[in-house]
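Visitor: Going by UniProt numbering, the residue at position 94 of the sequence shown is 94; the numbering climbs one at a time, nothing skipped.
Worth flagging that the hints you see were computed from the coordinates, not collected in a lab. Do not rely on the hints blindly, as some may be mistaken.
Straight-line Cα separation of at most 20 Å, SDA-like style, residue types lysine to any residue; simulated pairs [claimed, not checked]:
1) K135 to L220
2) K99 to P334
3) K154 to E35
4) K226 to E35
5) K37 to S143
6) K175 to K37
Bear in mind the structure is a predicted one, so any value in this text is a computation, not a measurement.
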Amino acid sequence: MKNVDYVIVGGGYAGIFFAHQLIAHQKSFVLFSGEQKGASQVSAGVVNPVVLKKFTTFWLAEEQIDFLTQTMSEIEKYTKQNYLIDENIQRIFHDENEKKLWLSKTETDELQPFLSSEFQKLETIANDFGTGSVKKSARLNVSAFFNDFFSYFKENNHLIQEEFDYSQISGNSYKDFTFKNLVFCEGMGVRSNPFFNDIQVIPNKGHHLKVKLSVKLNHLSTLKKKHFFFPLDDQLHYYGGTYDPNEREDQIDEFKREELILGLQEFYPHDFEIEEINFGFRPTVKDRRPILGNHPDHQNYFVYNGLGARGILNGCYFSRELYDHIENGKELMPEVDLKRFTKK
């Protein structure tokens, strides 16, 4: 039997950012991840402090952005790469009224740190009313992030590439491992978890396209009108993702495919070829807060879930919250504590 401080189940943003906390604090661990890619690994990776439909921000936005920047600098020390791409989002305005609303929001204390009051006109795309820049926004190189982390885990004997078998848990042991703490970071996979299958996560399906453009863009910004649009490499661009809270089928929805095509055609008035269409199920929560906490009968079994569409920011920031709770006895924020769902 091999003894470790932690067993982590799940290789999405929750699992990887929590693993980083363990690396930073020199804790031993193994991480179980199956072959199937989850929502994190097919996500856009956009780091955005603003709700760009309403021009509002959200809870702890600035704190999360700052902590992500700090964390990425820590990660760079052992992966030798910073995965944050420093390209601000350019929001394409639909009309003059939307542009005026943006400008008024730049004068508020809440939005002033994030919305630029200077507008731009971009070439190659249709943007009759110009674009506004989101300060402190960026993008994660998603494929490199996951590829490098899994390579690092393999090289350091942290990764077990197999589906986790709940029937093999016995107290503080699992197969050939004994552990102090067991942390489930499974996204929608939690529905099969006998310890936490009653937590209130709701699947939100999202589709995205990978397209080849006939006319190259002469700017590198992440564009946003209905959905996000940005370069993946010299050949392909990403466009997505949709929000489909009522869609449950585990297959491509042709209606959403058409929605994406029409959305891209609104501002890219040239031919493009669809090379791929992908989808994933984001684990969301009604109150839009992650879910952290331990099982009432198994005090050292923890859940870390419900990251929603802000998987990078939530996954990074609340990994420290969970670590401090487990290791230092710090009370969880009531807004994210699993106990908030307990009937009083």
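Visitor: When you check the alpha-carbon spacing of K99 and P334, does it fall within 20 Å?
Guide: It is violated: about 37 Å lies between the C-alpha atoms, which goes past 20 Å.
Visitor: For the pair supplied as a hint, K154 and E35, confirm whether the alpha-carbon distance does not exceed 20 Å.
Guide: holds, 14 Å
Visitor: Check the hint pairing K135 with L220 against an upper bound of 20 Å on the C-alpha distance.
Guide: Within the cut-off at roughly 15 Å; holds.
Visitor: Are K37 and S143 close enough, with their CA atoms no more than 20 Å apart?
Guide: Measuring from Cα to Cα gives roughly 11 Å; hence the hint holds.
Visitor: Is it true that the CA of K175 sits at most 20 Å from the CA of K37?
Guide: violated, 24 Å
Visitor: Is the straight-line distance between the alpha-carbon of K226 and that of E35 20 Å or less?
Guide: With a Cα-Cα distance of about 32 Å, the restraint between K226 and E35 is violated, given a limit of 20 Å.
In this structure, the earlier hints numbered 2, 4, 6 are contradicted, and the remaining ones agree with it.
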